[in-house]
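Enquirer: Make a model of the complete structure from these sequences and hints.
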Amino acid sequence: MERASDENKLMPFGLGRRACPGASLAQRTMGLTLGSLIQCFEWERISEEEVDMVEGNGLTMPKAVALEAMCKARPIITKVLSMSEDEF
Numbered sequence: 000m001e002r003a004s005d006e007n008k009l010m011p012f013g014l015g016r017r018a019c020p021g022a023s024l025a026q027r028t029m030g031l032t033l034g035s036l037i038q039c040f041e042w043e044r045i046s047e048e049e050v051d052m053v054e055g056n057g058l059t060m061p062k063a064v065a066l067e068a069m070c071k072a073r074p075i076i077t078k079v080l081s082m083s084e085d086e087f
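Residues in the sequence shown are numbered consecutively from 0, following numbering that gives the first Met the number 0.
These are calculated hints, taken from the structure and not from any lab test.
These numbers come from a predicted model, not from an experiment.
The beta carbon of each residue, even a glycine, is placed where N, CA and C say it ideally should be.
Please note that the accuracy of each hint is not assured.
What the hints assert, rightly or not - Here are the in silico distance ranges between beta carbons for each label pair:
#: 1; residue 1: C19; residue 2: I75; range: 35 to 43 Å
#: 2; residue 1: E84; residue 2: E54; range: 41 to 49 Å
#: 3; residue 1: V50; residue 2: S83; range: 40 to 48 Å
#: 4; residue 1: G57; residue 2: R17; range: 17 to 25 Å
#: 5; residue 1: L24; residue 2: C70; range: 34 to 42 Å
Expert: Right under this line is the structure:
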């Protein structure tokens, strides 16, 4: 059995004829979601230890040790979300 090269190590949407038809939509959605999370929340790591970037086993290449963080809504987001339609 051949060993997978590093360039083909992660194939979350498959390849060729059986590739996921929603791959481009998923990639765009992930970009927008990540941007919204960064823009709307203040993030802080729970521990001050250096982040362990070792990969775990699995199809999606999870981290071996999960990164734990806390988030807090930014003040402007709290204000915007609490506004009524008349205040816009």
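Enquirer: Taking the beta carbons of E84 and E54, is their distance inside 41 to 49 Å?
Expert: holds (47 Å)
Enquirer: Has the hinted range 35 to 43 Å been met by the Cβ atoms of C19 and I75?
Expert: Check passed, 37 Å falls within 35 to 43 Å.
Enquirer: Note whether the CB distance of G57 and R17 lies within 17 to 25 Å or breaks it.
Expert: holds (20 Å)
Enquirer: Do V50 and S83 keep their Cβ atoms within the hinted range of 40 to 48 Å?
Expert: holds (41 Å)
Enquirer: L24 and C70, beta-carbon distance inside 34 to 42 Å?
Expert: Since L24 and C70 have Cβ atoms about 26 Å apart, the given range 34 to 42 Å is violated.
Hint violations for this structure: number 5 only, all remaining hints satisfied.
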